[in-house]
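A.B. asks: Listed below, chain by chain, are the residues.
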Amino acid sequence: MGVLELKDVWINFGGIRALAGLSVTLEAGEILGLIGPNGAGKTTVFNLVTGVYRPTQGSITFGGHDLARRRPCDIACLGISRTFQNIRLFQDLSVLDNVRLARHRRAGYSLLEAALRLPARGKGEAKLTADCMALLDLLGLAANAQDRAGSLPYGRQRTLEIARALATEPRVLLLDEPAAGMNSQESADLVGLIRRIHSDWKLSIFLIDHHMDVVMEACGRIVVLDYGEPIAEGTPGEIRANPRVIQAYLGEEVA
Amino acid sequence: MNAYHVQVLTFALINVIMATSLSLINGITGQFSIGHAGFMGIGAYTAGVLTVVYKLGFWPALAAGSLAAALAGLLVGLPTLRLRGDYLAIATLGFGQIINVAIINIPITGGPRGLTGVPAHTTLPLALAGAAMTYVILHNIIHSAHGRAMLAVREDETAAEAMGVDTTRVKVTAFTIGAGLAGLAGGLFAHRLMFLHPSSFDFIKSIDFLVMVVIGGSGNLAGAAGAAVFLTVLNELLRKAVELRMLLYAGLLILTMLLRPKGLFAGGVRRGRA
Amino acid sequence: MSPLELLQQVVNGVQLGVIYALVALGYTMVYGVVRLVNFAHGDVYMLGAFVGFFAATRLGLGFLPTLLVSMAACALLGVVIERLAYRPLRQAPRIAALTTAIGVSLLLQNLVRLTVGPNPRGFPELFTQRTLEFAGLRVYNISLIVLGVSLGLMLCLQYVVYRTRLGIAMRAVSLDKDAARLMGIDVDKVISVTFAIGSALAAAAGVMVALAYTRIDPFMGMLPGLKAFVAAVLGGIGNIGGAVLGGLLMGVAETMVVGMGLSTLRDAVAFAVLITVLLFKPAGLLGRAVREKV
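Just so you know, the sequences run in chain order A, B and C.
Heads up, the first sequence is in the numbering used here, so the first residue is 1 and it goes up one at a time.
Heads up, the second sequence is in the numbering used here, so the first residue is 1001 and it goes up one at a time.
Heads up, the third sequence is in the numbering used here, so the first residue is 2001 and it goes up one at a time.
Derived from the structure by calculation, the hints contain no laboratory data.
Predicted model only: the values in this text are computed from it and were never measured.
Every residue gets a Cβ at the ideal spot worked out from N, C-alpha and C, and that includes glycine.
There's no promise every hint is true.
[Said to hold, decoys possible] Derived coverage of chain B by chain A (criterion: at least 3 residues anywhere in the stretch with Cβ under 8 Å from a Cβ of chain A; other residues may be distant):
id	stretch
1	1137-1144
2	1150-1158
3	1165-1179
Go ahead and model the full structure; you've got the sequences and the hints to work with.
C.D. replies: This is how it looks when you write it as structure tokens:
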């Protein structure tokens, strides 16, 4: 029984069929890759899982909970966190505040206690800040804690997004093109980071990316989408050699 | 300082409450509300009617006014805060007008003739205490996990939701608190002016407060407070020249948006602080 | 109410409705191309009435020249406003543009108030008022003119939008601005023209209202502007047919409310409709819901 299960999921946008009959299971503790040409529907899968979209048909369950009709904030509280294809940091807030925000439900003090600046607020903030600084430190961002998030270089913004997602203490992490815009050194570092958080945090990770080196290195299993349909599933080695996958990416071979 | 100066300063402090409470909604949480004067009106008329008609004590009346406004904020906020940007602004405008129409049509408020005989309870020290308390409370809220949630909603609602923030709840909370404080300001206003008329709480008044928040810097509490005092004084100086005053406002709004969108007294960008 | 009285109310309502429709068209077209609620649009309508006033009194022009002068002047004004106040904010958050629009609205109102004075003026009679009796209904000749001119203008607009290249460009820009630009459409020009057309229609509405009700003042644009905006939202903002439908519905609804003796609530009707639409069907009767890309 997998951690996250999509069963026969379909979604249409007006006349466009974005996903057709996708069934995929993210097993506990695995790193699962999701690849496919542009427009194949990969981010749509993430949006369905996190409650941004509702499936037209099919079911999505997480540890027994049905996700299909829940609000994104509830799904996040159940233990699913994500990063975004186009970075969605809180640009004008500091690096530290971006991460602290993710732990807003664990702050430990009420609005009233905050308004009146009661002792619970001070204690809550101190613990919150300490926890978040520790996390930033682990990801090499501690020195930037007071910087405006939008001022960080692109690669570090992506790392910050991951840090923010981790701060929610998820069980499942959805990474949407974390290697976008990275050079080969940064990509290699990213693979290291993914492996590290996978083992240290005991996460199940669902990964979308176009950098094949990252996907093949980090993932134990890969699912391939094309035009909203699943066309292949297997280990990196199997996928690399799969003719349908090659055709989807490169097109028909001219005889 | 003579009685006239005291009067102006008292109103300036009441406007500080209005501007800072609006700043919580518009600037911190990013919800464009342009019917804020309506909540002031609810607070003013509730408190005023209670003291004048029902002979209730000042403090209970003041509290009731604030609560009534907060409740109105909740009722207005719940349905409308699902809307975004332009639509939300128009909806709040609409509600502000509905409140105005309601005030005019409820007989007990004296309708278009106004409500007279409101006892004078609001002294300068009281207004100062009210403004100071409002400022401190808002400052504390903003610099807390709850305030960060509001800022996150302003920055990127989708990302905030993805990080577990119940954005509707955050927006409604900000709106309710803002409305309640505006109601408090209204109660204080009623017991200073001693006379209430629906035109004191119309769309033009909402614009006054919007201008204060805009030039003070969105999300900048100190800026909003400063702008409130500045504009109240300016209003008094330009009392005779109504068109000039409005032209000045118009110019301030347009130029600030074109040249310094973060506010004339910028510094509204929040940086993290423990 | 007897069927005849009801019909009379409907007829009156339609006359009011076409005015709302003309102004609503401006709101809806501008929203379609730049996603901005042009708060100042109601004041362009007001300016139309005042420009018409000056054309008729100082220049002694007749009806048609007055109408054309007013429409031309306001078309120009619309273009200028867009160029100076809205274009620089195209990439800014919508709130900034909306705040500026409020500023422009205040500016227009108070400039007029400063130059002309706050007191209402009486618009000259460019026609002799006559009442016609039609199968038991009374119709003023001015109403027929308002209806005729409005319908004529709307038909012209229909032609422009659906049968000219400019119209295709306008529709393209409102569907996808970037794609339109990539197709070689001069987006800035299209937006300017949209503002010009919308403002011209509002000006025409202003002149005709001035003719029909004779009283003009610097603040006459606020409430009708808001009601016309509600009409645009009701019909589905961004949808031209929707603006006309919404305008007619609003006009009839308001007239009915007055006819039923609830005249103090006539303005509340608009807000009640607005809240209802926004809460239950924000896309309006004929509009499409817009999705945000995540």
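A.B. asks: Now look at each hint and say whether the structure bears it out.
C.D. replies: Status of each hint after checking the structure:
1. By the rule of at least three residues with a Cβ nearer than 8 Å to a Cβ of chain A, the coverage given for the stretch 1137-1144 of chain B holds, with 4 such residues.
2. Coverage of the stretch 1150-1158 of chain B by chain A holds. Counting CB-CB distances below 8 Å, 5 residues qualify, and the rule asks for three or more.
3. Three residues within the 8 Å Cβ limit are the bar, and the stretch 1165-1179 of chain B against chain A gives 4, so the coverage statement holds.
Going through the hint list in order, the structure satisfies each hint without exception.
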